[in-house]
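There are 6 protein chains.
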Amino acid sequence: MVQNLAIGKIAILLASLTEDELKQIKLPLEKFSYCQGRVGSMNMQKVISAVETAAKRNALINEGYYRETHSLYHAIMEGINGVTRGQAAIGEMSRTVGLRFAVVRGKPYDHPEEGEWIAVAFYGTIGAPVKGSEHETVGLGINHI
Amino acid sequence: MVQNLAIGKIAILLASLTEDELKQIKLPLEKFSYCQGRVGSMNMQKVISAVETAAKRNALINEGYYRETHSLYHAIMEGINGVTRGQAAIGEMSRTVGLRFAVVRGKPYDHPEEGEWIAVAFYGTIGAPVKGSEHETVGLGINHI
Amino acid sequence: MVQNLAIGKIAILLASLTEDELKQIKLPLEKFSYCQGRVGSMNMQKVISAVETAAKRNALINEGYYRETHSLYHAIMEGINGVTRGQAAIGEMSRTVGLRFAVVRGKPYDHPEEGEWIAVAFYGTIGAPVKGSEHETVGLGINHI
Amino acid sequence: MVQNLAIGKIAILLASLTEDELKQIKLPLEKFSYCQGRVGSMNMQKVISAVETAAKRNALINEGYYRETHSLYHAIMEGINGVTRGQAAIGEMSRTVGLRFAVVRGKPYDHPEEGEWIAVAFYGTIGAPVKGSEHETVGLGINHI
Amino acid sequence: MVQNLAIGKIAILLASLTEDELKQIKLPLEKFSYCQGRVGSMNMQKVISAVETAAKRNALINEGYYRETHSLYHAIMEGINGVTRGQAAIGEMSRTVGLRFAVVRGKPYDHPEEGEWIAVAFYGTIGAPVKGSEHETVGLGINHI
Amino acid sequence: MVQNLAIGKIAILLASLTEDELKQIKLPLEKFSYCQGRVGSMNMQKVISAVETAAKRNALINEGYYRETHSLYHAIMEGINGVTRGQAAIGEMSRTVGLRFAVVRGKPYDHPEEGEWIAVAFYGTIGAPVKGSEHETVGLGINHI
Ligand SMILES: [Mg+2]
Ligand SMILES: [Mg+2]
Ligand SMILES: [Mg+2]
Ligand SMILES: [Mg+2]
Ligand SMILES: [Mg+2]
Ligand SMILES: [Mg+2]
Chain A
1 MVQNLAIGKI AILLASLTED ELKQIKLPLE KFSYCQGRVG SMNMQKVISA VETAAKRNAL
61 INEGYYRETH SLYHAIMEGI NGVTRGQAAI GEMSRTVGLR FAVVRGKPYD HPEEGEWIAV
121 AFYGTIGAPV KGSEHETVGL GINHI
Chain B
1 MVQNLAIGKI AILLASLTED ELKQIKLPLE KFSYCQGRVG SMNMQKVISA VETAAKRNAL
61 INEGYYRETH SLYHAIMEGI NGVTRGQAAI GEMSRTVGLR FAVVRGKPYD HPEEGEWIAV
121 AFYGTIGAPV KGSEHETVGL GINHI
Chain C
1 MVQNLAIGKI AILLASLTED ELKQIKLPLE KFSYCQGRVG SMNMQKVISA VETAAKRNAL
61 INEGYYRETH SLYHAIMEGI NGVTRGQAAI GEMSRTVGLR FAVVRGKPYD HPEEGEWIAV
121 AFYGTIGAPV KGSEHETVGL GINHI
Chain D
1 MVQNLAIGKI AILLASLTED ELKQIKLPLE KFSYCQGRVG SMNMQKVISA VETAAKRNAL
61 INEGYYRETH SLYHAIMEGI NGVTRGQAAI GEMSRTVGLR FAVVRGKPYD HPEEGEWIAV
121 AFYGTIGAPV KGSEHETVGL GINHI
Chain E
1 MVQNLAIGKI AILLASLTED ELKQIKLPLE KFSYCQGRVG SMNMQKVISA VETAAKRNAL
61 INEGYYRETH SLYHAIMEGI NGVTRGQAAI GEMSRTVGLR FAVVRGKPYD HPEEGEWIAV
121 AFYGTIGAPV KGSEHETVGL GINHI
Chain F
1 MVQNLAIGKI AILLASLTED ELKQIKLPLE KFSYCQGRVG SMNMQKVISA VETAAKRNAL
61 INEGYYRETH SLYHAIMEGI NGVTRGQAAI GEMSRTVGLR FAVVRGKPYD HPEEGEWIAV
121 AFYGTIGAPV KGSEHETVGL GINHI
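Chains as they are written, first to last, in my numbering: chain A, 1 to 145; chain B, 1 to 145; chain C, 1 to 145; chain D, 1 to 145; chain E, 1 to 145; chain F, 1 to 145.
No lab work stands behind these hints, which were simulated from the structure alone. Hints may contain errors.
What the hints assert, rightly or not - Computed spacing ranges between beta-carbons, pair by pair:
1) G115/A x V130/D: 52 to 58 Å
2) L22/F x R57/E: 30 to 36 Å
3) S33/C x P112/D: 58 to 64 Å
4) M42/B x E19/E: 42 to 48 Å
5) G64/E x P112/D: 30 to 36 Å
6) V130/C x P112/D: 56 to 62 Å
7) R38/E x K131/A: 46 to 52 Å
8) E21/D x G64/C: 36 to 42 Å
9) D20/F x T53/A: 44 to 50 Å
10) T18/A x G40/C: 42 to 48 Å
11) E113/B x G64/C: 53 to 59 Å
12) P129/E x M42/C: 43 to 49 Å
As the list claims (entries may be wrong) - Computed list of chain A residues with no C-beta within reach of chain D, every gap over 12 Å:
13) L5
14) T18
15) S41
16) M42
17) N58
18) G64
19) R67
20) T96
For glycine and all other residues, C-beta sits at the position ideal for the given N, C-alpha and C.
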């Protein structure tokens, strides 16, 4: 059951590092499927939808099966809990987010029976809907898929 | 009000990268005060206390003033919300954490009047109190100080 | 203070069993007032309103008194907490519900001074706004009235 | 993706109906693996542990794989959110629970690729640690496994 | 249904004003039953228990009936939500409270059918378990009884 | 670190007492900056915005600096947690608020290094969007600024 590939750390780095920085660190990206994206909104539905759409478009989940949609959805919501820290709401609380995100899918555990897992990471800003009135925020959700 | 130094990203990288990886990425560490630490526990009090103790020992906060303790406490709790994703509890929910953390203090904003801010980042694992029965977790809290 | 009539169980069965199944189990329905209804929505206000309207239309609460509205409201919200499991939101979190509900009012406790109580139960599905992308969900709220 | 076997409803009925009542309703129990149990405690860890132990003892999950433990854990916590309605805590909030529970595993969806799912249902009482000072409570968690 | 006696405001003032200040403001205390108390603890059970004990000792609730215990319990928990602002926990989050509280029972509404209501108010400090490292906090819960 | 001026109590009294009542109690208002306001809405954004606008208009915060906006925002959200008791939402949960609020800024602690703090208090009613179907509610948030 030993985990030797840090799927969550990879997702966090894909979401928070610049392209240049990513080149400087050796990540075992060839062992995973992944995608990256961006979303800015006061509307949590749009954030969820941006991640779901990117994951589907990049064939990270098979949208024909609810099983996979379900796994991704809960990983997204866990990540959003990190972003929002205490109450999973954005616009209702008068705040807006500008986020980069990454979805990573693969086998982080040694034992083949542990199967595939999915990680969703967010990095960006959260704050008032006024430019500059914001600070950084991070979130990570992980689920078996 | 433009933020040009990503205090939260630095905290996340200090908590999640290995020493080797940290050398590969250029981080403006000289512009901040920071410390790193580790804590493993089923007890959230111990996690909070580990961060507070490290921050005080490294003179990141002046423990003589409640003002600074207060700022750090809320940053820690925000970070723990990311780690626990939905309910800020560990042992009560039969889970244990093994975390590396970083506390970073400095001036992330251009404008000098924005003053100092503090970031608390966690990276590690959360799961059942059984070796290997865990997945990664991340949290970041940021506050003005 | 012994409770000998399970008002909550009756509500759950009224919400989740089919008419045929309900006939197969003997429930002491004659000892309670109750109503059943259905609601499907991404909007939590509509779910709350559907239950309140059904309860008023069936004279389960006297809408002239805030006291009774208040009791029902908190019972509904407790039931919704079971349905949503962790965050009382639906559409904001990109999910939709299709629910059957039941409201039951009566005296579940032996002692006459324990007076009347109200139970609100939900049973149905929660999931993405895509047919089939959903799983079951249940909630029960109970309050003195 | 049509769900034709209500795994959650079966779990709720297994947790809430008496043996006699269960005989009166035809449930497709032969299509699922399941177990039933009881737990009474002010300690949420004991509730979680009672369900995990019962599930393992009855071979509902393969405890050798974290994947399955993870799926069960999140289903338990979702069910506990229904039981506690708003704050997943018991003793810390001066309340105690007396619960019957059921764990059901199987294939609720038509399409074979939807695979196996797990449902955890609770039914019982929650209240002050004084006999009779309690009312009913219900919770259901569902996860892909 | 017009409320002409502010039971909640009276509770807040009883919890937060000094004896001298209370004499300066005319409060319609003769129209209500009430009690006042103090509790300091890192343990939420002790806070709940202090209020319940004071309410019973002063005959504000009839402890023979769960109905009344239930109403008081939910009012206390609502008040504690104000005190803890976001997560109903104290010691688990490394904080301690020093609170004065008041319980007020009576008929705040004009219409006699609105019956009796109960208000539980807290005022005091919350903070680190270090003298002076604390700030003020307030909470109010109201329920029909 | 001794706090000798109760900034939170002053805020609560400014929000809940009538003008006449305020005259009867001696409050050290000359030592603080403060403002009062009113807001009624089903929309939490409007509540937040009403407090922010009043605080800016009365020069209680310098809106040019995110630092101050950030401090005020978190104080407001803490206060709203008291008002909503468990879930920081209003309209989404079919409830409406009618609130008076006060923002107080100053130095509540003896030691000059403790600097300035801000308190946001709410007092009013919460309930169904039907006149009279509401009860009182209170909230207080405090932050260093
Ligand atoms: Mg997990
Ligand atoms: Mg913030
Ligand atoms: Mg209750
Ligand atoms: Mg689900
Ligand atoms: Mg209420
Ligand atoms: Mg604080």
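Verification of the supplied hints:
For the pair G115/A and V130/D, the beta carbons lie near 47 Å from each other, so the given range of 52 to 58 Å is not met. Under the hint 30 to 36 Å, the C-beta atoms of L22/F and R57/E, about 34 Å apart, fit the expected range. Range check, S33/C to P112/D: Cβ separation about 45 Å, and the 58 to 64 Å hint is violated. Hint check: M42/B to E19/E, Cβ distance near 45 Å, so the stated range 42 to 48 Å holds.
Against the hinted window of 30 to 36 Å, the Cβ-Cβ separation of G64/E and P112/D comes to about 58 Å, which falls outside the hint. For V130/C and P112/D, the hinted distance range of 56 to 62 Å is not satisfied, since their beta carbons lie about 19 Å from each other. Judged by the Cβ atoms, the range 46 to 52 Å given for R38/E and K131/A holds: they are separated by roughly 48 Å. In this structure the supplied range 36 to 42 Å holds for E21/D paired with G64/C, their Cβ-Cβ distance being about 38 Å.
Distance hint check: the CB atoms of D20/F and T53/A are about 59 Å apart, inconsistent with the given range 44 to 50 Å. The supplied range of 42 to 48 Å is met by T18/A and G40/C, whose beta-carbon atoms lie about 45 Å from each other. Range check, E113/B to G64/C: about 57 Å between beta-carbon atoms, so the 53 to 59 Å window is met. Separated by about 45 Å at the C-beta atoms, P129/E and M42/C satisfy the suggested range of 43 to 49 Å.
For L5/A, the shortest C-beta to C-beta distance to chain D comes to about 14 Å, beyond the 12 Å cut-off, and the non-interface label holds. Even its closest Cβ contact with chain D, about 33 Å, leaves T18/A beyond 12 Å, as expected for a residue assigned away from the interface. No Cβ of chain D comes within 12 Å of the Cβ of S41/A; the nearest lies about 27 Å off, and the non-interface call holds. No Cβ of chain D comes within 12 Å of the Cβ of M42/A; the nearest lies about 26 Å off, and the non-interface call holds.
For N58/A, the shortest C-beta to C-beta distance to chain D comes to about 20 Å, beyond the 12 Å cut-off, and the non-interface label holds. Taking the minimum C-beta to C-beta distance to chain D, about 8 Å, the non-interface status of G64/A is violated against the 12 Å cut. Non-interface status of R67/A relative to chain D is broken: a Cβ of that chain comes within 12 Å, the nearest being about 5 Å off. No Cβ of chain D comes within 12 Å of the Cβ of T96/A; the nearest lies about 27 Å off, and the non-interface call holds.
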